[in-house]
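Chains as they are written, first to last, in numbering that gives the first Met the number 0: chain X, 0 to 325; chain L, 0 to 289; chain R, 0 to 406.
By construction, these hints were calculated from the structure, which means they are not laboratory data.
Watch out, some of these pointers could steer you wrong.
As the list claims (entries may be wrong) - SDA-like, lysine to any residue: derived pairs with alpha carbons at most 25 Å apart:
#, chain 1, residue 1, chain 2, residue 2
1, R, Lys266, L, Asn128
2, L, Lys286, L, Tyr124
3, L, Lys286, X, Gly97
4, R, Lys406, L, Tyr126
5, X, Lys1, X, Leu23
6, R, Lys266, L, Val131
7, R, Lys184, R, Pro389
8, R, Lys108, X, Ile258
9, R, Lys153, X, Tyr137
10, R, Lys406, L, Ser57
11, R, Lys153, X, Pro141
12, R, Lys108, X, Ala19
13, R, Lys108, X, Leu263
14, R, Lys108, X, Leu23
15, L, Lys286, L, Ala239
16, R, Lys108, X, Leu142
17, L, Lys286, X, Leu142
18, R, Lys406, L, Asp187
19, R, Lys153, X, Leu142
20, R, Lys262, L, Asp132
21, R, Lys153, X, Leu263
22, R, Lys108, X, Leu18
23, R, Lys144, X, Leu118
24, R, Lys266, L, Lys286
25, R, Lys344, X, Leu16
26, R, Lys108, X, Tyr137
27, R, Lys144, R, Gly354
28, R, Lys266, L, Asp132
29, R, Lys262, L, Ala239
30, R, Lys144, X, Ile258
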Amino acid sequence: MKTIIGFAVAAIAFGLLALAPFYLDAYGIGLLIGMTGYVTLASAWGLFSGRTGYVSLATVAFFGIGAYAVAALNETLPYPVILLVAAGIGLVVALIVGLATLRLAGVYFVIFTFGLAELIRQLVTWFETTVTGTLGRYIFLPLGPEHIYWQLLALCAVTLLITWWVDRSRLGMALRVIADDEVVASHIGIDIARTKIALFVISAVLITLVGAIQAPRWTYVEPAIVFNPTVSFLTLIMALLGGAARLWGPALGAIPLFILFEWLSANFPNHYSILLGLLFIVIVFLLPRGVVGLLERLRAPSAPLDQAAGTSAPAQGKAASQEVRG
Amino acid sequence: MLTTTLIAGLVLGGTYALVAMGLTIQYGIARTMNLAYGETIIAAAFGAYLIHNTLGVSPILGLVLLAPAGFAFSWIVYGLLMRPLVRRSKGGAVLEIDSILATFGLLFVIQGVMLVGFGGNYISYNYMNFGVDIFGATVAANRLLAFVLALVIGGGLYLLLTRTRWGTALRAVSVAPESAPLVGIDADRAARFGFALGGALAACGGVVVSMYQTFTASSGVIFTMKALIVVIMGGVGNLAGALSAGLILGLVETFVASYVSPGLTLAAVYLIFLAILLWRPTGLFGKARR
Amino acid sequence: MTTVTRRRALRYFGVSVAIAAASFAMPTSAQERTSIRIGYAISKTGPNSGGAGITTLPNYQLWVKDVNDAGGLELPDGSKLPIEVIEYDDRSSAEEVVRAVERLAAQDKVDFILPPWGTGFNLAVAPLFDRFGYPQLAVSAVTDKAPEFVQRWKKSYWLLGGGHDYTNALAGLLSKAAEAGEINKKVAMISVADGFGIDLVTAARPSFQEAGFEIVYDVTYPAGTTDFTPMINEATGSGADSFIAFSYPPETFAITQQAQVAKFNPKVLYLGVGTGFPAYGANNGENAEGIMSLGGIDPNNAENAAYRKRHEEVVGQAPDLWGSVVTYNSLQMLQQAIQRRGLDKEAVADELSNGTFQTVLGEVKLEDNQLRKLWFGGQWQNGQFVAVAPVDREGAAPAILPKPEWK
């Protein structure tokens with residue numbers, strides 16, 4: 000019953016959001032595009048990293064692959080086919096990377112994925128300059144901002160739906176065991192490797208599609224633009240601040256942060272960095288378990304008070320998360 | 000030709016190792032991933048630039064001022080920012096995430112302050128830019144200085160960590176922060192000291208780098224990422240690892256530029272990095288986990 | 000030096016905030032408007048801030064100050080209105096620059112939008128300028144596709160030429176030197192693997208071939224390369240008298256330093272962006288002598304000299320000697336177009352396409368929405384970066400070849 004109500008609410012919300020372009024000006028739609036893009040990126044990131052504990056900085060590798068596929072193919076193939084091809088490339092790359100990185104853990108995995116993104120950027124650059132003899136590519140597709148927005152909104156819904164399904168399925172259960180203890184997980188017969196790779200691939204394909212859908216908005220694409228590492232970092236920060244392991248966590252991090260960035264950069268163009276940095280630090284200290292953690296705490300008033308700089312948060316955090324999961 | 004390439008590669012590698020050593024100390028002992036590391040380097044580079052251009056003093060003398068400043072700054076940062084997080088999380092994955100977020104914030108703060116103070120322009124000056132002949136290869140004196148400094152700092156710290164009581168304590172904290180207090184080591188103090196020491200090394204790196212490399216207020220990230228690559232490739236917290244990883248990357252870059260194509264240098268660097276991690280998942284000198 | 004700038008900028012922004020407040024307080028009908036709103040999005044942070052901070056932003060600030068000090072922008076009826084600036088930081092991100100321009104056009108409804116920095120970003124926002132009907136005076140964009148873009152976006156203007164303009168001018172200059180027996184007919188080229196470097200190197204290949212030059216070394220390096228020793232060694236061994244690097248500022252500085260260390264002293268040393276920065280001359284002193292690059296100025300041009308002096312006084316730093324003066328020129332064109340035709344974007348665009356303007360570049364008239372009368376090559380001579388190409392244009396100094404020995 001609760002699930003049905005949840006679905007109904009989500010469906011209505013997405014329906015209303017889909018109508019938004021009819022009431023907003025170009026800037027409003029632009030805001031929604033940026034926001035939906037980051038909600039999707041952060042949710043797709045959380046689908047893998049939030050559930051396995053493997054912090055990935057490869058986001059921009061897949062985002063860039065998607066964008067570049069559109070740039071390279073926009074004059075030769077019909078648009079829906081391009082999206083399929085982009086997703087296919089993302090899938091293959093993710094599969095290779097997933098298989099290669101099985102043995103890596105912790106910070107080694109983090110920096111490996113960063114190196115991977117840079118390697119792909121370098122290879123694309125080298126290929127373009129040496130083989131095709133150009134660098135920038137142009138995208139002239141008859142897609143208005145509202146079309147981009149609707150596609151992103153649909154992709155966002157799909158991402159959340161997949162995440163919800165994963166959390167419900169055997170896969171999700173397996174993941175929770177893995178995240179808690181890989182040794183135990185392997186002892187009870189969970190195929191850790193296959194589970195992790197499956198999730199990595201799904202997450203990577205979703206991220207590839209975000210890049211592919213957003214690319215027509217920039218008209219001109221070059222590696223420095225689409226493989227901008229900031230995308231990886233922002234995605235990670237948004238998901239972590241929201242609560243990467245929950246269905247709505249990344250969205251709850253992405254939306255307020257996105258609005259905050261926008262507000263700061265418009266009102267304090269000269270002191271944007273300083274204010275942003277200070278806010279980050281404050282947020283880390285005040286929200287030790289992300290936005291989702293805060294909401295859960297607010298919903299459960301009986302829980303012991305641990306707001307004071309969250310000094311005793313971790314133990315309760317663990318307990319609280321167990322409760323919700325169970 | 001071969002010796003020239005070899006020497007050029009080693010010297011370049013030395014400059015990479017130099018900027019990575021502070022980070023490996025910070026990560027190894029204090030166990031916090033410091034994303035604002037590169038900003039410390041750039042701040043010191045700005046310091047050296049000011050000392051050279053406005054005071055007309057040699058940037059090398061600036062080291063006397065800037066290295067302690069880097070130490071003090073990192074000492075304060077650890078006390079204010081990292082220690083509460085360490086205490087709150089009691090180590091582990093939570094601390095990893097918290098330190099990423101907090102130092103990401105710090106990165107923006109330092110960068111923002113430098114932007115307000117110096118603007119976003121490219122900064123460059125010439126110092127010690129003359130050739131030194133080594134086995135028939137000409138090397139820029141300022142880069143050679145970086146190379147020598149990397150060896151001296153690397154060797155000195157290695158002796159410090161392995162030959163002194165106090166170094167043993169630092170290493171104990173890096174291996175087992177939970178058990179170090181059992182043998183009477185103040186883990187918190189040791190971590191703080193390690194973090195500050197890393198800051199001092201970053202400052203040294205920044206001073207030397209500023210002599211031959213153009214920088215802007217926003218270039219810190221580049222140094223952080225390069226340093227992270229070197230640190231991870233060498234094995235976290237391992238000085239010899241950082242030094243050899245730096246040298247390998249320098250050699251790869253120079254050899255690829257000379258014998259394959261300059262267009263593939265960075266691709267080769269990342270490829271080697273990825274390959275080494277696949278071969279040894281905890282870096283060249285890293286200890287296997289679990 | 001920069002603090003002074005900041006303070007001035009802040010004071011100025013204080014004024015514009017006051018104006019903004021005033022304009023909100025009063026009913027703003029067309030007759031009663033109190034200011035002209037001009038907006039821009041520029042890279043104040045991120046990798047593009049270095050370029051934007053020298054060629055574009057200082058000129059925007061200087062122009063706004065110049066105009067407002069003189070009472071504001073003049074309209075056809077002779078009345079003057081002060082400029083109110085709306086400024087955003089695009090953080091060197093394509094998505095941000097697109098959204099910031101949408102915001103300026105749809106939300107802030109500014110009267111005119113000044114373009115962002117860089118070829119890629121100018122292209123990213125071009126469809127938006129077009130959709131909202133704003134003229135786009137793109138300066139910091141070197142592109143050979145300008146004629147196509149003008150077809151596509153009728154109100155776009157491309158003021159810094161295309162890659163082949165620069166390479167043809169260079170090839171012309173080198174041919175002359177080769178005919179005089181000053182240099183041999185071999186060139187070694189390196190280029191940064193980025194939009195700018197590739198655009199120029201692809202234009203350079205046919206330019207040199209047509210001029211009968213043999214390209215003996217031609218490689219591309221990734222942006223962010225810091226060590227050029229291997230490439231310098233190869234170039235030394237190639238036997239070419241001319242070494243050309245289509246580089247970005249950090250690499251331009253690095254190549255200059257490393258060439259000195261390696262005692263690599265080609266007869267022609269041509270470097271990319273950054274050579275025309277005042278800091279380049281200051282840092283390298285006598286060693287800058289004879290080095291060539293894109294751009295250049297005519298030191299005998301009084302208007303240009305006055306502009307540079309004012310730039311240094313107001314901004315606190317000297318302008319670069321390639322794009323800066325063209326940027327300021329583009330703003331003066333806009334100013335004069337508004338003076339003649341008012342605030343109607345369509346009319347202003349028409350005036351920009353067809354009118355003749357008196358600016359810091361002298362008399363300016365666009366051809367097919369492009370500025371063609373430019374300095375395509377300059378050389379450091381006696382501490383000044385003087386224009387040497389096109390060789391047949393009036394005011395061009397003769398190039399000094401071979402380049403003097405390193406000191």
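Hint check:
1. Note on Lys266/R and Asn128/L: the hinted pairing holds, with a Cα-Cα distance of about 21 Å set against a maximum of 25 Å.
2. Of the pairs offered as hints, the one joining Lys286/L and Tyr124/L is violated, with about 42 Å between alpha carbons and a cut-off of 25 Å exceeded.
3. Pair hint Lys286/L plus Gly97/X holds up; C-alpha atoms about 23 Å apart against a cutoff of 25 Å.
4. About 14 Å separates the Cα atoms of Lys406/R and Tyr126/L, which keeps this hinted pair within 25 Å; it holds.
5. Between Lys1/X and Leu23/X the CA atoms are separated by roughly 33 Å; this puts the pair beyond 25 Å, and the hint is violated.
6. A C-alpha spacing of about 24 Å is found between Lys266/R and Val131/L, which places the hinted pair at or below 25 Å, so the restraint holds.
7. At roughly 19 Å between alpha-carbon atoms, Lys184/R and Pro389/R fall within 25 Å of each other, so this suggested pair holds.
8. At roughly 21 Å between alpha-carbon atoms, Lys108/R and Ile258/X fall within 25 Å of each other, so this suggested pair holds.
9. Only pairs whose Cα atoms come within 25 Å are accepted, and Lys153/R paired with Tyr137/X is accepted, the gap being roughly 18 Å.
10. For the proposed pair Lys406/R and Ser57/L, the alpha carbon gap of about 21 Å is at most 25 Å, so the pair holds.
11. Between Lys153/R and Pro141/X the CA atoms are separated by roughly 18 Å; this keeps the pair inside 25 Å, and the hint holds.
12. Simply put, Lys108/R and Ala19/X have alpha-carbon atoms about 20 Å apart, close enough for the 25 Å limit, and the pair holds.
13. At most 25 Å may separate the alpha-carbon atoms for a hinted pair to count; Lys108/R and Leu263/X meet this at roughly 20 Å.
14. Proposed proximity of Lys108/R and Leu23/X is supported: the alpha carbons are some 14 Å apart, at most 25 Å.
15. About 13 Å separates the Cα atoms of Lys286/L and Ala239/L, which keeps this hinted pair within 25 Å; it holds.
16. Under the criterion of a C-alpha separation no larger than 25 Å, the hint pairing Lys108/R with Leu142/X is consistent with the structure, at around 23 Å.
17. Of the pairs offered as hints, the one joining Lys286/L and Leu142/X is violated, with about 53 Å between alpha carbons and a cut-off of 25 Å exceeded.
18. At roughly 54 Å between alpha-carbon atoms, Lys406/R and Asp187/L are farther apart than 25 Å, so this suggested pair is violated.
19. Distance hint between Lys153/R and Leu142/X is fulfilled; the C-alpha atoms sit about 20 Å from each other, no more than 25 Å.
20. Of the pairs offered as hints, the one joining Lys262/R and Asp132/L holds, with about 12 Å between alpha carbons and a cut-off of 25 Å not exceeded.
21. For the hint linking Lys153/R to Leu263/X, the alpha-carbon distance of about 34 Å lies beyond 25 Å, and the restraint is violated.
22. Annotation: proposed proximity of Lys108/R to Leu18/X holds, straight-line Cα distance about 24 Å (limit 25 Å).
23. As the CA atoms of Lys144/R and Leu118/X are separated by approximately 30 Å, the hinted pair breaks the 25 Å bound.
24. Of the supplied pair hints, the one linking Lys266/R and Lys286/L is violated, its CA atoms being roughly 54 Å apart against a limit of 25 Å.
25. The hinted pair formed by Lys344/R and Leu16/X fails the criterion: a straight-line CA distance of about 33 Å is larger than 25 Å.
26. This hinted pair does not check out: Lys108/R and Tyr137/X have alpha carbons roughly 28 Å apart, beyond 25 Å.
27. A C-alpha spacing of about 23 Å is found between Lys144/R and Gly354/R, which places the hinted pair at or below 25 Å, so the restraint holds.
28. About 24 Å separates the Cα atoms of Lys266/R and Asp132/L, which keeps this hinted pair within 25 Å; it holds.
29. For the hint pairing Lys262/R with Ala239/L, the CA-to-CA distance comes to about 34 Å; that exceeds 25 Å, so the pair is violated.
30. At most 25 Å may separate the alpha-carbon atoms for a hinted pair to count; Lys144/R and Ile258/X exceed this at roughly 37 Å.
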